[in-house]
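A.B. asks: Letter by letter, the sequence shown follows residues 0 to 233 of numbering that gives the first Met the number 0.
These are computed hints drawn from the structure, not numbers from a lab. Please note that the accuracy of each hint is not assured.
[To be verified] Restricting the straight-line Cα-Cα distance to at most 35 Å, the calculated cross-link-like pairs of lysine-lysine (DSBU-like) are: (1) K226 with K179; (2) K94 with K227; (3) K193 with K110; (4) K213 with K229; (5) K151 with K117; (6) K66 with K109; (7) K151 with K227; (8) K109 with K14; (9) K94 with K179; (10) K213 with K109; (11) K6 with K66; (12) K20 with K109; (13) K66 with K117; (14) K163 with K116; (15) K226 with K94; (16) K151 with K14; (17) K66 with K20; (18) K151 with K20; (19) K213 with K116.
[As the list claims (entries may be wrong)] Pair ranges (Cβ atoms, derived): (20) R9 with N153: 27 to 33 Å; (21) T212 with Q13: 28 to 34 Å; (22) N153 with R54: 21 to 27 Å; (23) D182 with K227: 18 to 24 Å; (24) Q13 with N72: 36 to 42 Å; (25) K20 with N173: 53 to 59 Å.
From the three backbone atoms N, C-alpha and C, an ideal C-beta is built for every residue, glycine too.
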Amino acid sequence: MVFPSDKDYRQLSQKLGYEFKDANLLELALTHKSVLDLKDSYIESNERLEFLGDRVLGLSVADMLIKRFPEENEGQIARRFSYLVSQEMLFTVAKSLDLGRFIIFSTSEKKAGGEGKKSVLADTCEAIIAAIYLDGGLLVAMEFIDDNWQSKLNDQEDPPVDPKTELQEWALQNGLPLPKYSDIRQEGADHDPKFTVGLDVLNFGTITGVGSTKRIAQRQAAIGMIKKIKDTNG
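Could you build the full structure based on these sequences and the hints that come with them?
C.D. replies: Structure, rendered in structure tokens:
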């Protein structure tokens, strides 16, 4: 297990645009749960911060959207919200901040490429948000989110449609039963699970999807099924 140097922390603070008063909060936000598997480890991981960061992000993005799109209804706002707080978006922000090279892993997890995993980077990004909130307050955390999410919002014209929603709406429009998702299996370690789900659509068979959560696996299956339908129908 290798901890970032003081120089690393200074570089990260510059990327974040925030200087921590309590450096321990930043270190905790960067501590991956794989360190808990180490013998005689008394280190706390960033999981609790992930939980808090998810809520701070949700509040901040909801506030941003309500103010930015006063003419849109709840459904349109909800689609924008889901996109902006998705794992994919958190991963994109984490990559832009180069968070992967600062995360504290167990040696085995680092060798397994943990710093490049989408779920790990997304979770760490949430933990960073929580750490900024605890260290500097809600307004500072909202400013950080605004700085890193506003450009993604500016790229949007119409509210994005989630693949699962798109597939469900297609089925209804074509008089078909709703898509049916089923759990197939769960594999991997507790800190790095892999879920496989099946998706069945009448007349189009079954597609499987894989992800670090059931929700992500379902989304991947929906993407695959949409592609299959488009290829079949030309």
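A.B. asks: Would you mind marking each hint as holding or not holding in the structure?
C.D. replies: Here is how each hint holds up against the structure:
1. With a C-alpha separation of about 17 Å, the suggested pair K226 and K179 falls inside the 35 Å cut-off, and the hint holds.
2. In summary, the hint linking K94 to K227 is supported, as the alpha carbons are separated by about 30 Å, within the 35 Å threshold.
3. A C-alpha spacing of about 18 Å is found between K193 and K110, which places the hinted pair at or below 35 Å, so the restraint holds.
4. Annotation: proposed proximity of K213 to K229 holds, straight-line Cα distance about 24 Å (limit 35 Å).
5. At roughly 18 Å between alpha-carbon atoms, K151 and K117 fall within 35 Å of each other, so this suggested pair holds.
6. The suggested pairing of K66 with K109 is violated, with an alpha-carbon distance near 41 Å, which exceeds 35 Å.
7. Annotation: proposed proximity of K151 to K227 holds, straight-line Cα distance about 29 Å (limit 35 Å).
8. Our distance criterion of 35 Å between C-alpha atoms is met by K109 and K14, whose separation comes to about 22 Å.
9. For a cut-off of 35 Å, the pair hint linking K94 to K179 stands: about 34 Å separates their Cα positions.
10. Note on K213 and K109: the hinted pairing holds, with a Cα-Cα distance of about 24 Å set against a maximum of 35 Å.
11. Between K6 and K66 the CA atoms are separated by roughly 39 Å; this puts the pair beyond 35 Å, and the hint is violated.
12. With a CA separation close to 28 Å, the supplied pair K20 and K109 stays within the 35 Å bound.
13. Our distance criterion of 35 Å between C-alpha atoms is met by K66 and K117, whose separation comes to about 30 Å.
14. Proximity of K163 to K116 is assessed by CA-CA distance (about 23 Å); at most 35 Å being required, the pair is judged to hold.
15. Distance hint between K226 and K94 is fulfilled; the C-alpha atoms sit about 27 Å from each other, no more than 35 Å.
16. Of the pairs offered as hints, the one joining K151 and K14 holds, with about 18 Å between alpha carbons and a cut-off of 35 Å not exceeded.
17. Distance check on the hinted pair: K66 and K20 sit about 31 Å apart at the alpha-carbon level, within 35 Å; holds.
18. In summary, the hint linking K151 to K20 is supported, as the alpha carbons are separated by about 29 Å, within the 35 Å threshold.
19. Distance check on the hinted pair: K213 and K116 sit about 16 Å apart at the alpha-carbon level, within 35 Å; holds.
20. A C-beta distance of roughly 30 Å is found between R9 and N153, which places it inside the suggested range of 27 to 33 Å.
21. Under the hint 28 to 34 Å, the C-beta atoms of T212 and Q13, about 32 Å apart, fit the expected range.
22. Between N153 and R54 the C-beta distance comes to about 24 Å, which sits within the given range of 21 to 27 Å.
23. At about 21 Å, the beta-carbon gap between D182 and K227 stays in the expected band of 18 to 24 Å.
24. Checked against the given bound of 36 to 42 Å, the beta carbons of Q13 and N72, roughly 41 Å apart, stay inside it.
25. Taken as a hint, the range 53 to 59 Å holds for the pair K20 and N173, whose Cβ atoms sit roughly 57 Å apart.
When held up to the earlier numbered hints, the structure conflicts with 6, 11 and fits the remainder.
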